[in-house]
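Residues per chain, in single letters:
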Amino acid sequence: MQENENLTHQHDENQKTDQENGDALQQSDEQNGDNHDTHDHHHEGFIRKYVFSLDHKMIGKQFLIYGLLMLFLGGGLAMLFRWQLAYPDITEDMAANLENVESRSAKPLPIIGASDEFLKEYLETGEAEPRTWADRMWLNIMESDGYEYIKLNLGFGIMSPAFYNMLFTMHATIMVFFVVVPILVGAFGNFLIPLMIGTRDMAFPVLNMLSFWLAVLAAGIMIAGFFVPGGHASAGWTGYAPLSANTDWTGVNWGINLWAISLLIQGFSSLVGSINYITTIINMRAPGMTFFRMPLVIWALFIVAILLLLAFPVLSSALALLIFDRLAGTTFFTSTSSGGGDPLLWQHLFWFFGHPEVYILILPGMGIASELIPVFSRKPIFGYRSMVYAMIAIAFLGWVVWGHHMFQSGMRPGMGAFFMTTTMLIAVPSAIKTFNWLGTMFRGSIRFTTPMLHAIAFVSMFVIGGLSGIFMANTPVDIAIHDTYFIVAHIHYVVFGGSLFAIFGGIVFWFPKMYGRYMNDTLSKIHFWLTFISFNCTFFPMHILGMGMHRRRIENPMATEYTQMFEGMNIFITMSAFTLGVVQLILVFNFFWSMYKGKVAEKNPWHVNTLEWEAPTPVPHGNFAQIPTVHRGPYEYSVPGEEADWIPQAQPEPVPASAGD
Amino acid sequence: MTHTDVDIIQNRPISNAKLGVLVLLGAETMLFVGLIGAFLVFRMGNVNWPPLSLGDIQLPQLITGINTLLLLISGYTMFYSVRSIQQDRIWHHHVSLVFTWFLGLAFLVIQGSEWIQLIGKGLTLQSGIYGGIFYVLIGCHAAHVLGAVMWLSIVLAKSLLGKFCAEKYTGVETCMLYWIFVVALWPILYILVYLY
Ligand code: HEM
Ligand SMILES: [Cu+2]
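Quick note, the sequences are listed as chains S and A, same order. Offset between the first sequence (1-based) and this note's numbering: plus 182. Offset between the second sequence (1-based) and this note's numbering: plus 338.
Keep in mind the hints are simulated off the structure, nothing from the lab. Cβ atoms here follow ideal geometry from the backbone N, Cα and C, with glycine treated the same way. Accuracy of the hints is not assured; some may be wrong.
To be verified - Have a look at the derived ranges for each label pair, beta carbon to beta carbon:
id: 1; chain 1: A; residue 1: K501; chain 2: S; residue 2: L251; range: 20 to 26 Å
id: 2; chain 1: S; residue 1: F473; chain 2: A; residue 2: G403; range: 43 to 49 Å
id: 3; chain 1: A; residue 1: R381; chain 2: S; residue 2: P595; range: 23 to 29 Å
id: 4; chain 1: A; residue 1: G364; chain 2: S; residue 2: I229; range: 58 to 64 Å
id: 5; chain 1: A; residue 1: L484; chain 2: S; residue 2: I715; range: 56 to 62 Å
id: 6; chain 1: A; residue 1: R381; chain 2: S; residue 2: Y571; range: 35 to 41 Å
id: 7; chain 1: A; residue 1: L443; chain 2: S; residue 2: P800; range: 29 to 35 Å
id: 8; chain 1: A; residue 1: F417; chain 2: S; residue 2: A510; range: 49 to 55 Å
id: 9; chain 1: S; residue 1: R733; chain 2: A; residue 2: I457; range: 34 to 40 Å
id: 10; chain 1: S; residue 1: Y571; chain 2: A; residue 2: G364; range: 55 to 61 Å
id: 11; chain 1: A; residue 1: L410; chain 2: S; residue 2: A510; range: 30 to 36 Å
id: 12; chain 1: S; residue 1: Y329; chain 2: A; residue 2: L443; range: 15 to 21 Å
id: 13; chain 1: S; residue 1: M324; chain 2: A; residue 2: Q464; range: 52 to 58 Å
Based on the sequences and whatever the hints tell you, model everything.
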């Protein structure tokens with residue numbers, strides 16, 4: 183009931199200002215978001231300012247750091263299992279593998295695994311001289327009494343199939359729930375919404391803080407899962423029942439419990455956040471900021487907040503049932519001899535949430551691209567309204583396509599045809615958006631700044647991902663490629679190629695507003711190009727693997743004859759993936775270095791129209807000295823007859839009789 | 339023309355608090371959509387409901403029917419209490435709030451005693467999907483009623499302390515929105531779970 187009390191509390195505050203005169207403004211404490219007085223510079227303590235902050239900008243930055251940290255955790259897991267795919271074990275059984283050196287082709291993990299020569303010698307003779315610190319570590323571990331789980335699953339740095347399952351499960355879980363959504367929605371949403379609609383803070387600052395700290399709690403629980411007996415969840419990020427519902431199948435017990443509990447809490451965090459976003463956007467826009475003068479990224483975040491609000495509770499209901507199955511002895515998702523539940527029910531509930539979720543992952547990215555492309559083409563966005571309607575259409579259609587993830591789970595052919603059609607329909611608004619971006623760039627005076635490069639990468643990668651989506655939407659085609667690497671390629675072209683490039687572009691673009699400094703441009707450009715190249719080297723070949731029926735969740739592609747020919751390609755992908763991972767260190771270094779040492783930025787370095795650039799840099803508590811009045815749409819670049827090639831939204835019409843009042 | 343913060347706030351068609359609660363109810367609805375969906379999948383996938391293996395379990399339809407009436411009446415008294423405060427009839431406002439509170443509590447007590455009887459007859463959370471979904475779905479609603487009663491307790495206390503008046507009653511209104519949601523949901527559950 184936490185949120186309700188806060189709401190009532192909040193309400194009392196509003197009420198006060200509703201009735202009393204302006205004096206109430208000066209007195210109101212900082213809990214009331216609308217009423218910051220920019221002139222009272224009370225000094226906040228460190229804790230209030232950086233930890234339990236109520237300021238939307240600080241919470242946004244907290245979400246950004248949070249997401250970037252989790253990005254490294256998720257990426258690290260991916261690098262671990264990529265190694266396994268490149269140099270897999272050809273024997274299934276670890277114990278046999280350790281005894282039978284000749285048949286062993288698995289290579290221990292780099293750096294943290296034992297060295298080849300040491301391992302060979304050790305396995306042959308039972309003892310060996312350690313050559314590296316890792317050798318010494320493994321020797322200690324293997325000869326000690328404890329560490330049963332590690333010995334069995336990661337002995338000498340060679341992973342077991344069960345460990346592999348855990349890695350890919352947690353990789354996807356973390357990336358989807360703890361990286362992309364927190365950064366796109368949590369960080370950009372918090373930072374941008376009040377600034378771009380011209381208000382002083384979110385509607386419910388306390389809830390906003392709560393949302394962040396719930397997300398931290400969820401992340402803590404999720405990370406704790408790595409350290410429980412039996413290891414972490416390993417039923418895939420989709421947690422298909424009965425794999426997830428029954429301990430017997432994966433041998434994982436508390437891992438999956440913590441996985442489910444953590445996601446429930448993350449659901450609360452999203453719920454609180456989306457209540458805040460929706461209320462703020464509906465109720466707190468600056469005078470003159472009509473809905474159709476809102477920047478597209480705000481539209482995107484608005485729609486995403488609605489999607490999150492309505493989709494996540496469905497997952498919560500499924501997770502609750504799952505937790506009952508696991509802890510209270512119900513059988514909702516397992517069929518038993520005395521007529522138990524239905525494993526397919528999980529898939530329906532999960533994907534009813536899951537498909538809107540994947541659009542939650544991309545819509546804010548689309549919004550960011552829609553900001554960057556007009557700014558750096560110096561042209562109005564092509565088809566503003568059609569952009570908005572396309573997003574609304576995507577959000578609506580997203581509710582009736584979930585079955586395209588279940589073509590192979592068993593469904594009536596008629597239903598398959600229905601889901602195939604609706605899925606294809608969703609490609610139409612997606613294509614509208616793509617053509618609008620192209621139309622915006624067409625004959626523009628394009629400035630190839632780093633944010634623009636990222637935006638262009640976003641559009642082109644999204645097109646590839648969207649096209650592979652069309653393939654899979656065809657039931658007959660999907661019968662073959664379902665659960666192969668083709669899906670993996672698709673996912674990564676839309677989520678990495680799409681969302682993550684938008685995130686990188688957005689970070690570089692708004693960094694001057696966030697921290698008052700530029701990011702180093704040379705480093706940003708190097709980061710962009712290396713990421714772009716290694717991204718494509720990593721994920722493009724996966725289409726080919728998929729066409730060759732390389733299963734999606736297989737820990738040893740050398741075990742089946744028809745995938746043995748892909749050994750070289752797998753090694754290439756792994757090398758590219760490692761490059762991709764390492765290259766991200768440039769971003770992190772640049773990010774923190776520029777925070778303190780970057781070139782100081784002026785108020786509006788890119789010459790942008792939207793309101794956030796109207797606020798002073800660094801943005802003070804309460805954002806604007808005077809709430810701006812909006813006189814025009816957000817994309818009036820290169821208007822004929824105007825001297826400057828940009829007209830800020832808050833600039834009044836030359837003729838005083840202005841609209842917007 | 340420039341705008342002060344005050345007239346920006348005053349120009350809002352709906353207060354943040356009310357809007358926030360309405361949005362919250364959207365999410366609550368979807369939570370129940372998920373659970374009711376699960377119920378329907380089980381219900382329609384089984385010809386015999388309750389499954390034969392459970393013996394002759396019969397849910398208490400009559401008592402729950404009366405309970406349904408109580409809850410519906412509480413919805414009206416809650417609504418009436420907001421109407422009265424709008425018209426500055428503080429006495430009516432207080433009495434109807436107290437009535438609402440007791441009705442909510444009575445609903446919980448009656449449902450609780452039903453559960454005790456059902457458990458005595460052998461219908462537990464582990465009684466297959468029938469018992470499982472019954473307790474989870476009905477229990478989820480009961481938790482919401484409990485939450486609403488607790489919220490109402492706070493509102494009632496504030497009201498008795500004279501914190502609301504005809505110009506200032508959003509605190510009662512937000513509570514009413516939540517209360518009405520919880521009340522309106524119940525007949526659907528009653529029909530689906532007890533009668534269907
Ligand atoms: C033109 C648009 C799109 C179409 C037609 C489409 C179609 C599909 C289909 C049919 C599948 C299921 C394939 C299978 O499992 O056999 C799928 C999977 C998936 N899609 Fe898309 N998609 C589109 C866009 C997107 C976007 C924008 C995102 C996210 C940002 C996305 C994320 C995913 C993910 C994560 C999966 C894999 C889910 C899993 O783990 O099984 N898709 N897509
Ligand atoms: Cu989908």
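Here is how each hint holds up against the structure:
1. A:K501 / S:L251: 20 to 26 Å: About 44 Å separates the Cβ atoms of K501 (chain A) and L251 (chain S), which means 20 to 26 Å is violated.
2. S:F473 / A:G403: 43 to 49 Å: 46 Å, holds
3. A:R381 / S:P595: 23 to 29 Å: 25 Å, holds
4. A:G364 / S:I229: 58 to 64 Å: For G364 (chain A) and I229 (chain S) the Cβ distance comes to about 34 Å; the hint is violated.
5. A:L484 / S:I715: 56 to 62 Å: Given range 56 to 62 Å: holds, Cβ gap about 57 Å.
6. A:R381 / S:Y571: 35 to 41 Å: With a Cβ separation near 39 Å, R381 (chain A) and Y571 (chain S) satisfy 35 to 41 Å, so the hint holds.
7. A:L443 / S:P800: 29 to 35 Å: 52 Å, violated
8. A:F417 / S:A510: 49 to 55 Å: For A510 (chain S) against F417 (chain A), whose Cβ atoms are near 37 Å apart, the range 49 to 55 Å is violated.
9. S:R733 / A:I457: 34 to 40 Å: Cβ of R733 (chain S) to Cβ of I457 (chain A): about 47 Å, so the range 34 to 40 Å is violated.
10. S:Y571 / A:G364: 55 to 61 Å: 22 Å, violated
11. A:L410 / S:A510: 30 to 36 Å: 31 Å, holds
12. S:Y329 / A:L443: 15 to 21 Å: 55 Å, violated
13. S:M324 / A:Q464: 52 to 58 Å: With a Cβ separation near 43 Å, M324 (chain S) and Q464 (chain A) fall outside 52 to 58 Å, so the hint is violated.
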